[in-house]
Structure formats: structure tokens, C-alpha cells
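Peer 1: Sequence:
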Amino acid sequence: MSDSASTADPMLEAYRIMNEVSGGRVVKVEMERLEPPLDSLGPLVTVTVDADAREALEMYVRAAREVRGKGFVLDVAWTGKTDVSPEEYIRYVARAHARMDIPP
1 MSDSASTADP MLEAYRIMNE VSGGRVVKVE MERLEPPLDS LGPLVTVTVD ADAREALEMY
61 VRAAREVRGK GFVLDVAWTG KTDVSPEEYI RYVARAHARM DIPP
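Residue 99 in my numbering sits at position 99 of the sequence shown; the count goes up by one each step and never skips.
Rather than coming from a laboratory, the hints here were simulated on the basis of the structure. All figures in this text were calculated on a predicted structure; none of them were measured in a lab.
Only pairs whose alpha carbons sit at most 16 Å apart, straight line, appear in this in silico EDC-like list of lysine to aspartate or glutamate:
1. K70 - D39
2. K28 - D75
3. K28 - E13
4. K81 - D50
5. K70 - D9
6. K70 - E13
7. K28 - D50
Label pairs and their in silico Cβ distance ranges:
8. K81 - A8: 34 to 44 Å
9. G80 - P37: 27 to 37 Å
10. D9 - S40: 11 to 21 Å
11. R33 - G69: 14 to 24 Å
12. R16 - E58: 11 to 21 Å
13. T79 - M31: 10 to 20 Å
14. D83 - P37: 32 to 42 Å
15. L12 - S85: 29 to 39 Å
16. A8 - S85: 32 to 42 Å
17. A98 - T46: 15 to 25 Å
18. D101 - N19: 17 to 27 Å
Cβ coordinates follow ideal geometry from the N, Cα and C atoms, glycine included.
My request is simple: use the sequences and hints to build the entire structure.
Peer 2: Laid out in C-alpha cells, this is it:
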């Protein structure tokens, strides 16, 4: 990833992307540094949306492609019920990671 592709403010960019995908349902954005060797991907930005898990994870997968190459890793949290099985959760996250070009 080149420096020119990095986003100056990952929290603002993650908010913008998820707010657009969620139709304005972002309630919180948090950022933390990743530990080596994942630190080369940039910080982890977790966006909480006002939705149940399935809907939030579908938004996450849609937003993930826009995050590729922006210099941060997007994650999602939700305020509603967890209406997916652990296996479904893993499938959603794997799809989002693939779209963000994060290695398995």
C-alpha cells in the first residue's frame, strides 16, 4: 500500500463509508492500533451501527470494498440482537476481509 492511498483520518472515513451504507445509523466509531504483524494494515476502526447482527454484517460486507487500500481495517459492531450463528458470523467476516484484501 502506498502512502498516497492511506486515509488521513481513518475514523472519519470509516464513519463516512458506514454511514452511507447504513443509511445514517452509525452510533459510535472507535479506533485502536493493531499489534505486529497486522500493524502493517493500519489501525482497526470499529463502527457500531443501530441494527441487529445480520443487518450490520451485511452492511459491513458492502462497505468493505470501499475500505480497501485506505490504510485501516474496518470492523463492525451492532446495538441489536445477535441473530447469526457463530458459523454465519465467520462467513460474513471472511467475505469482508477478502473484500478489504486482508490475508487469511
